[in-house]
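J.: Make a model of the complete structure from these sequences and hints.
Next come the chains, spelled out residue by residue.
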Amino acid sequence: MENLKEHTEHSHSYGLYVMVWLALITLTGLTAVIAGINFGKLSVVVALVIAVIKSYLVLTEFMHLKSEPRAFKTFIFVALFFLLVSFTLLFSDYSFIIGK
Amino acid sequence: MSSAESTQAAVIAEPHIEEHAHRDDVRSRMGMWLFLFSELLLFGGLFLMYSVYRYMHQTDFSIASKEMNTFLGTLNTVILLTSSLTMALAINAMQRGKKGLSIFLQIFTILCGAAFMVNKFIEWSHEFAKGNYPGSAILASKPKGQILYFGLYYSMVGLHGIHVLVGMTIIAFMLVFTIRGKITPDNYVKLEAAGLYWHLVDIIWIFLFPLFYLIT
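Note that the protein sequences, when read in sequence, are chains A and B.
According to this note's numbering, the stretch in the first sequence is residues 1 to 100, in order.
According to this note's numbering, the stretch in the second sequence is residues 1 to 216, in order.
Simulated from the structure, these hints should not be mistaken for lab results.
Keep in mind the model is a prediction, meaning the values are calculated, not measured.
Fair warning: there could be bad hints in the mix.
[Unchecked claim] Partial chain B-side listing against chain A, Cβ under 10 Å, derived:
| no. | residue |
| --- | --- |
| 1 | R29 |
| 2 | G45 |
| 3 | L81 |
| 4 | T82 |
| 5 | I91 |
| 6 | H199 |
| 7 | F207 |
| 8 | L214 |
[Unchecked claim] In the SDA-like style, the derived pairs of lysine to any residue whose C-alpha atoms are separated by at most 25 Å in a straight line are:
| no. | chain 1 | residue 1 | chain 2 | residue 2 |
| --- | --- | --- | --- | --- |
| 9 | A | K73 | B | D25 |
| 10 | B | K99 | B | D25 |
| 11 | B | K66 | B | F43 |
| 12 | B | K120 | B | I162 |
| 13 | B | K144 | B | R54 |
| 14 | B | K120 | A | V52 |
| 15 | B | K99 | A | Y17 |
| 16 | B | K98 | A | G15 |
| 17 | A | K41 | B | T59 |
| 18 | A | K73 | B | W33 |
| 19 | A | K73 | B | F37 |
| 20 | B | K144 | B | N69 |
| 21 | B | K130 | B | F212 |
| 22 | B | K144 | B | F47 |
| 23 | B | K66 | A | V46 |
| 24 | A | K66 | B | L34 |
| 25 | B | K144 | A | F87 |
| 26 | A | K66 | A | T26 |
| 27 | B | K99 | B | D24 |
Ideal Cβ positions, reconstructed from N, Cα and C, are used throughout, including at glycine.
T.: Okay, structure coming up:
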C-alpha cells in the first residue's frame, strides 16, 4: 500500500511534461536569439543563467527531484556547492597569478 | 510443529519482503544519483579547464566558434530536449500501466539519440573537411587559443557523444525488459534510473551548446 502511494506521488500529468518541454524549447530559442545580440561580457552570463534555469526545470520536473526525499536534495545541493567552490577557488587563484 | 513454524516464518517473511521492495526503489534511485555525481565531477573538471582557457583566449574562442554550425547545434538541442520529454513520458505511461505507449516512447527516445548522433557525424565530417581536426597542419597553423578551442570541443562534445551512445544502449535494454515484462507498472525503477541518466546527458548538452556554439 505504501509502495503504491509512493508511485502515485511520482506521476504527473502528461500535460505538465509537455509544458516543461515547451518552456525548455522557448528558452533554447531565447539563448540563440540573445547570442545574436552583442551584450559584450554579459553575453556569457545571460547564456549561463538560461542554461541554469533549463537545468533546474529538467532536474525538478523530468528527474522528479520535486517529489524525492529531502536527503536527495541535500546531496545535490552539496555536490553543486563543492563544484562552485572549486570554480571560485580556481578563479581567485587565477586572478591572483594574473594580478602579479 | 514444522507447519506452525513455516506459517510463522511466512508471516514474518511477507511484510519483510514488502518493506524491502519499498525501500529498494528509493535506494536504487539514490544509487543512480550518486553515480550521476561522479559524472558531474567528470564533466565539471572539463568545464573548469574550458573556463580558464576561454578566459585566457577570449577572442580566439570567439573566432573559432564561428566555424560551428549554429543551426545544427540548435536542432540537436531541440532533439535532445524532445527525447528527454519522451523518456519522462515513457516512465509516466508505464506508471499508468500503458505498456504499448511506453514501448513506443522508448523507441522514439532511442531514435532521437540516433538523430543527434547523425547530426554530430555531419558536423564533425564538415570540420574534418575544413582541416579543423587534432593533428592537422591547417589547425596547427592557427593561433594557440583556436587550437585549444578545438581540442576542448572534440574532447568535451566527444565525451558527451559517447554518453549519448551509452544512454541509447541502456534504453534499448530497458525496451527489451519492458517487452519481456521485466519492467511492470509495479516495478519500473530500472526505467527510472535509465531516465535519470538520459536527463543528465541532456543537462550536460544544455551547457555545452551555448559554451561552444554561441560565443559572441
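J.: Against each hint, give a clear statement of whether it holds in the structure.
T.: Evaluation of the provided hints:
1. R29: holds, 7 Å
2. G45: Hint holds; B:G45 Cβ to chain A Cβ min 8 Å, cut 10 Å.
3. L81: holds, 5 Å
4. T82: holds, 7 Å
5. I91: Status holds, d = 8 Å.
6. H199: Holds, about 5 Å.
7. F207: Since the shortest Cβ distance to chain A is 5 Å, the answer is holds.
8. L214: holds, 4 Å
9. A:K73 to B:D25: holds, 17 Å
10. B:K99 to B:D25: Holds: B:K99 and B:D25 sit about 20 Å apart, inside 25 Å.
11. B:K66 to B:F43: holds, 24 Å
12. B:K120 to B:I162: With a Cα-Cα distance of about 11 Å, the restraint between B:K120 and B:I162 holds, given a limit of 25 Å.
13. B:K144 to B:R54: holds, 11 Å
14. B:K120 to A:V52: holds, 24 Å
15. B:K99 to A:Y17: Holds, at roughly 19 Å.
16. B:K98 to A:G15: holds, 16 Å
17. A:K41 to B:T59: Cα-Cα ~12 Å, so holds.
18. A:K73 to B:W33: holds, 10 Å
19. A:K73 to B:F37: holds, 12 Å
20. B:K144 to B:N69: holds, 22 Å
21. B:K130 to B:F212: holds, 18 Å
22. B:K144 to B:F47: holds, 19 Å
23. B:K66 to A:V46: Holds. B:K66 to A:V46 sits at ~19 Å (cutoff 25 Å).
24. A:K66 to B:L34: This hinted pair holds, its Cα atoms lying about 17 Å apart.
25. B:K144 to A:F87: holds, 23 Å
26. A:K66 to A:T26: Holds: A:K66 and A:T26 sit about 22 Å apart, inside 25 Å.
27. B:K99 to B:D24: holds, 23 Å
Violated hints are absent here; each numbered hint is respected by the structure.
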